[in-house]
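Trainee: Full structure from sequences and hints, please.
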Amino acid sequence: MSEQKQMLADAVIRLFRDAGDISSRAEREGFSSALWNQVEELGLPLVLVPEDRGGVGGDWEDVLAVLHPVGYYGIPLPIGEAMLASRLATDAGFDLPAGVSTVAAEIQGQLSRSADGYVFSGTLKRVPWGRDAQSVAAVLEFEGRPHLLLLLLPSAAASVHAAHNLSGEPRDDLYFEAAAVQAAPVASADAADVHERCALLRVAQITGALEAALHRSIDYAKERKQFGRAIGQFQAVQQQLALFGSDAAAVACAARAACQAAARGPASFQIAAAKLRANQAIGLATGTAHQVHAAIGFTHEYALRHATQRLWSWRSEFGNDRYWAERLGAAVAARGAENFWADLTERDDAAA
Amino acid sequence: MQSFSFDPVVLPPGIGEFRAQIRAFLKAELVSTPAVKKANSWAVYDAGFSKKLAAQGWVGMVWPKRYGGYERSSIERYVLLEELLAAGAPVGAHWIADRQSGPALLKFGSEEQRQKYLPGMARGEVYCCIGMSEPNAGSDLASVRTRAERQPDGRWKINGQKIWTTQAQRCQLIIALVRSAPVDEKNRQAGLSQFLIELNTPGIRIRPIVDLIGETHFNEVFFEDCIVGAECLLGVEGAGWAQCTGELSLERSGPERYMSSLALFLELLRVAGPNPSEVLRQVIGRTAAEVWTLRQMSLSVAGQLAQGKDPTIEAAIVKDLGNSFEQSLPVLVQSITDSGVRLEDDSDFVQVLTYLLQTSPSFSMRGGTREILRGIIARGLGLR
Ligand SMILES: Cc1cc2nc3c(=O)[nH]c(=O)nc-3n(C[C@H](O)[C@H](O)[C@H](O)COP(=O)(O)OP(=O)(O)OC[C@H]3O[C@@H](n4cnc5c(N)ncnc54)[C@H](O)[C@@H]3O)c2cc1C
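Protein sequences appear in the order of chains E and U. In terms of the working numbering, the first sequence is residues 268 to 619. In terms of the working numbering, the second sequence is residues 5 to 388.
Derived from the structure by calculation, the hints contain no laboratory data. Certain hints may be false.
[As the list claims (entries may be wrong)] Derived list of chain U stretches under chain E, where covered just means 3 residues or more per stretch with a C-beta under 8 Å from a C-beta of chain E:
hint, region
1, 16 to 24
2, 271 to 279
3, 336 to 343
Please read all numbers here as calculations on a predicted model, not as lab measurements. Backbone N, C-alpha and C fix where the C-beta goes; we use that ideal spot for every residue, glycine too.
Mentor: The structure is reproduced here in structure tokens:
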């Protein structure tokens with residue numbers, strides 16, 4: 268990790284470590300503006316924005332460095348979403364919107380020109396922290412080209428259908444009726460497939476949550492005694508945790524490789540593979556973490572669920588296993604046996 | 005915060021040209037190789053191929069020039085290995101010498117041993133086998149009983165038996181782990197030594213063992229009052245355990261630990277065609293993701309080795325995940341093939357499938373079993 272990344276990661280870890288049981292608090296009290304303000308002070312939403320546009324000038328590896336702790340500590344804020352939204356806004360030539368920004372990967376509806384700009388009518392589905400955001404970025408095909416839409420909230424032309432994922436993180440549907448919006452053509456790698464880049468955000472968070480569940484499980488296995496010794500001394504428990512640790516390592520490695528690729532440009536294959544691999548690890552990881560903890564981990568009070576409920580949710584968000592296997596499988600089959608290995612190696616050789 | 009280190013590797017510039025060169029060579033060499041010989045191809049012995057590969061400068065390619073090597077980088081070697089395996093090249097003859105015996109000689113061997121054997125290895129002519137396992141010493145390797153007794157004239161007398169020794173019947177050399185001092189119950193790993201022995205030495209008898217599918221590739225090796233010179237000791241007397249575990253790191257860390265079943269995936273893609281059913285698309289997608297992930301991990305381990313680090317635990321992780329993948333693929337493919345496909349068919353696809361169905365259980369035994377690897381990983385997690 269470069270020095271800059273390490274410094275960023277360290278600052279993020281310090282901030283979140285000291286935030287206490289923020290996940291439980293958010294379940295009770297909702298959005299924490301106080302913590303968000305600290306996140307903004309560190310410049311985290313601007314990680315992907317170039318320096319000459321007032322940002323941090325980082326890349327997707329920096330995104331991973333920030334989102335790993337976000338996942339590890341279960342931080343209930345749209346930090347990754349804000350990074351992507353800010354990046355998309357700058358890609359489209361907009362000034363950075365103030366306040367909390369988020370991104371919508373699912374958009375249905377119509378954009379049209381009005382006398383003094385653009386009007387949008389339609390729905391944004393499952394928008395992370397939609398109810399708390401002051402702006403939402405989304406990409407929609409218009410006049411034959413992808414356009415970035417920036418929708419400002421709250422707005423008289425918008426209504427919110429509130430919903431949340433298994434760990435209480437807002438996933439809201441937003442309905443717009445003839446809302447005045449900013450729109451402009453956008454052609455960057457990040458805008459080409461917002462759903463895919465959102466999947467990469469989740470992969471980055473998943474690495475952290477897997478690690479958190481693993482660490483909790485190891486600590487518990489060392490501390491909990493039965494039959495006169497720590498349960499972690501039983502080989503059956505050790506072997507389960509070894510497999511869990513291996514899978515967590517596989518996801519961490521896949522996430523880094525995918526982020527590296529995304530920093531270089533198009534990364535559809537790598538992101539698809541990383542999200543699929545992450546989804547698959549979640550099944551084993553959550554099962555093992557709960558098995559090692561047994562009953563205590565099955566309580567509402569015990570913090571393990573903040574990791575596992577997030578993991579279960581993130582597994583479905585932005586493409587479950589079937590979705591990504593389908594995309595990858597169709598693409599790989601179309602390329603055929605003769606190209607599989609050549610394509611696989613070419614992707615890494617090209618960076619050399 | 006992360007438990008293990010899998011830093012990504014940036015491949016050196018120009019690696020694409022090297023890859024193209026290897027592919028051109030292999031394309032010409034493997035035109036008539038049957039598909040089934042491309043599966044698990046690092047177990048396929050072909051001395052002629054090894055010599056041709058060596059003539060390209062691709063055996064012992066990272067070794068010093070004075071021993072017949074080419075002083076290429078270990079990342080280049082990694083790329084060579086993965087290309088050989090992806091193409092299904094029959095690399096079984098020289099594989100072990102190139103991977104671990106040669107490097108063991110470079111690390112621990114005497115100058116005389118190096119000069120005597122390394123150039124032949126690098127020419128693809130001298131092959132070495134691994135004499136670790138014994139009938140009563142498998143996972144518990146420190147319990148080997150084959151003994152070496154020092155004779156009054158300084159030579160050694162070796163008695164005992166090795167087993168499962170891959171390709172011993174076709175190799176010139178063996179590196180045997182033997183007990184050279186009585187067992188110390190408090191430290192069973194002490195008193196072990198490695199010997200580098202020519203297999204035509206009197207007192208050595210090799211008996212091939214027929215494996216499950218009827219092939220003979222591993223053996224019993226008997227030492228019966230076998231007298232070897234003092235110069236056959238490899239490295240330091242009594243340091244055999246440490247030397248041997250260093251060798252195991254090399255043995256476990258390469259791309260062969262996840263690529264042995266790749267040939268089946270390629271055959272599957274061939275029979276599936278460009279527009280397969282959803283069931284097949286699902287399997288192809290999942291397999292592609294797994295291959296990509298394992299390759300990233302394997303490359304990372306190679307990169308760490310190239311930097312002189314010791315990624316023992318990371319290598320165990322890649323071997324364990326890799327072996328599980330290599331083993332699950334034949335079973336998965338069998339479960340989804342069309343009901344029209346019969347295991348009696350002699351198509352390339354079915355031949356590769358049935359070969360791997362039957363041989364892949366061995367993938368998580370050779371080089372250390374799954375349970376032993378997970379024990380190492382658990383230690384890495386601080387649980388042991
Ligand atoms: C194809 C093939 C090629 C081989 N080539 C070579 C070679 O060239 N040279 C060589 O020296 N050896 C070779 N081997 C041997 C290989 O290294 C051994 O098979 C391996 O170390 C396991 O030993 P074992 O077969 O005696 O099984 P055992 O050690 O008897 O194990 C049997 C089972 O018990 C489990 N077990 C054992 N101990 C423990 C424990 N402490 N905790 C939990 N589970 C345990 C094992 O994991 C395994 O599942 C080869 C093996 C195969 C299959």
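Trainee: Can you tell me if the region 271 to 279 of chain U counts as covered by chain E, using C-beta to C-beta distances under 8 Å and a minimum of three residues?
Mentor: holds (count 7)
Trainee: Is the coverage entry for the region 16 to 24 of chain U by chain E consistent with the three-residue Cβ rule at 8 Å?
Mentor: Answer holds; 6 residues pass the 8 Å Cβ test.
Trainee: Is the coverage entry for the region 336 to 343 of chain U by chain E consistent with the three-residue Cβ rule at 8 Å?
Mentor: With 0 residues in contact (Cβ-Cβ under 8 Å with chain E), the coverage given for the region 336 to 343 of chain U is violated.
Hint 3 alone, counting from the list given before, is not met by this structure.
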